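First residue of the sequence shown: 0, per numbering that gives the first Met the number 0; consecutive thereafter.
Keep in mind that the hints were calculated from the coordinates and are not lab data. No experiment lies behind these values; they were computed from the predicted model shown. Every clue listed holds true.
Straight line, CA to CA, 30 Å or less: simulated DSS-like cross-link-like pairs of lysine-lysine:
no. : residue 1 : residue 2
1   : LYS453    : LYS124
2   : LYS178    : LYS218
3   : LYS178    : LYS453
4   : LYS124    : LYS410
5   : LYS178    : LYS221
6   : LYS370    : LYS410
7   : LYS178    : LYS501
8   : LYS410    : LYS442
9   : LYS442    : LYS370
10  : LYS501    : LYS453
11  : LYS410    : LYS453
12  : LYS229    : LYS218
13  : LYS221    : LYS501
14  : LYS453    : LYS442
15  : LYS218    : LYS501
16  : LYS178    : LYS124
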Amino acid sequence: MTWSDDQSYLLIVESQTWQHSFARFIDIHVDEKTISAHRESRNFSEKIQKGEKKSFCVQFSNWSPSYGEFDADEMGYAMSRLEIESDLCDTGKDVCGVGSSSGSHRSSEHLADLDHEISQVTKLKSSPHQRYSREVPGRHQLPVSTVRMLAGRESNFSGRGRFSAADCCHMLSRYLPTKGPWLVDQMDSRAYVSQFSTDGSLFIAGFQGSRIRIYNVEKGWKVQKDILAKSLRWTVTDTSLSPDQRNLVYASMSPIVHIVDVGSGSTESHANVTEIHDGLDFSSDEDGGYSFGIFSVKFSTDGREVVAGSSDDSIYVYDLEANRVSLRTVAHTSDVNTVCFADESGNLILSGSDDNLCKVWDRRCFIGRDKPAGVLVGHLEGVTFIDSRGDGRYFISNGKDQTIKLWDIRKMSSSAPARHEVLRNYEWDYRWMDYPTEARDLKHPLDQSVSTYKGHSVLRTLIRCYFSPAHSTGQKYIYTGSNDSSVYIYDLVSGDKVAVLKHHSSPVRDCNWHPYYPTLISSSWDGDLVKWEFPGSGEAPIMSKKRVRRRHFYY
0 MTWSDDQSYL
10 LIVESQTWQH
20 SFARFIDIHV
30 DEKTISAHRE
40 SRNFSEKIQK
50 GEKKSFCVQF
60 SNWSPSYGEF
70 DADEMGYAMS
80 RLEIESDLCD
90 TGKDVCGVGS
100 SSGSHRSSEH
110 LADLDHEISQ
120 VTKLKSSPHQ
130 RYSREVPGRH
140 QLPVSTVRML
150 AGRESNFSGR
160 GRFSAADCCH
170 MLSRYLPTKG
180 PWLVDQMDSR
190 AYVSQFSTDG
200 SLFIAGFQGS
210 RIRIYNVEKG
220 WKVQKDILAK
230 SLRWTVTDTS
240 LSPDQRNLVY
250 ASMSPIVHIV
260 DVGSGSTESH
270 ANVTEIHDGL
280 DFSSDEDGGY
290 SFGIFSVKFS
300 TDGREVVAGS
310 SDDSIYVYDL
320 EANRVSLRTV
330 AHTSDVNTVC
340 FADESGNLIL
350 SGSDDNLCKV
360 WDRRCFIGRD
370 KPAGVLVGHL
380 EGVTFIDSRG
390 DGRYFISNGK
400 DQTIKLWDIR
410 KMSSSAPARH
420 EVLRNYEWDY
430 RWMDYPTEAR
440 DLKHPLDQSV
450 STYKGHSVLR
460 TLIRCYFSPA
470 HSTGQKYIYT
480 GSNDSSVYIY
490 DLVSGDKVAV
500 LKHHSSPVRD
510 CNWHPYYPTL
520 ISSSWDGDLV
530 KWEFPGSGEA
540 PIMSKKRVRR
550 RHFYY
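Build out the structure end to end from the sequences listed, making use of the hints.
Pasting the structure below:
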């Protein structure tokens, strides 16, 4: 470290250790300097990744003790905040946002995982600017009240004149959708699917009775499309809305996935009566016709492809422009219950199966190599659902071993290890039996997961779990339906149960959090579609114990 002519610090850091060295320096001088990037090194992060730079320099200038601010938008300075927050956690200060619950279900063996990178990134995404939380120099108090945040913005504490995305998440993430429920719709068949569109303007619900409804959220939950499915076998297993919100695909226990034009003017959409529901045939001549069903379907981010997981142990990719299956691979040794894309590129596909494994597939490596890029081991029973964080690195999975697991694909192995049959010395079927007591405390000896969350129940159906929205919560929570008729919300970092939503009388297979507002919709096998919002948005009506069946509740 040397002094420059303008009396500002100049730090030279070797590329191999730049993050840690830089963070340690900021820890020492966090209250003394405002950090700005050296003009010649603004793109140093990209250059280091490409191997073009062996070292870089950072200039500390414009000393302003009243702010003590450092820029989180340039040059990776956010890492210094991460280290500082990590130190605060280590010393016992509350920087995790939501207070802990007495019913914590994080396994004790996972406490060390609080130091994992995702916990630091999550806290950064939902932590306010340090000036909002500082009472006296060097001390922070979290969470910061909304009044204090607003006053700080008006006083321009951050020097930006506005809230950052992390500031917004810090405020919004405290407003959990726990107030309610308000009845949205009520059907006389089981609800299997509930999903918001990407922008939150539409909501899709799929029912066992061949019915799919699309609600216009911005118009009082009016039914915009009432779809009567075609050639349905057993139930609507999954639906997916295209990115442009013009088409919806729905699947059932059949190799035919149907596609519906959502943008047409008619409200009623009866398959091949009022509208054409084109069929996407995932079968081949060798299949012998209707030989398998599809559990999971997802549109790609560009809307050109649909990926599917099936009961014939395979993953399919359907090219909508070519109108044919462009890829099929036998991915697992049992039913593929869930598939999704890991990020927006569409290159990485995640799959989960009844063979207890999660697998990562890189489509760029499929030519001449029909093997996964990696395998992640940890569940003791089948995987029911996978949700990606959207960064191509982290995802969560729900399992029939009654756990949600958080994964980092960088920990995956190249192949699946031999099955440990000794782990299961009991007979059990999740469709009609309770999970054995002797199995609840078992742990896979080769568990590669980052963290495990317990408390909910995964029985009778393929119950789903999700990350909370990035825009409003910074993805600091995960939430899931449950066989005990409830919705569970866990803190991603601490593992605590922060809320349990109770209303339904049958399993909650699916639930979905609005991408921008503190609103959550739960759908159950009791046929109810109900809305939960944050306290303060009005009194929830008292729900009658007597069930009133209405086929058309909102129009």
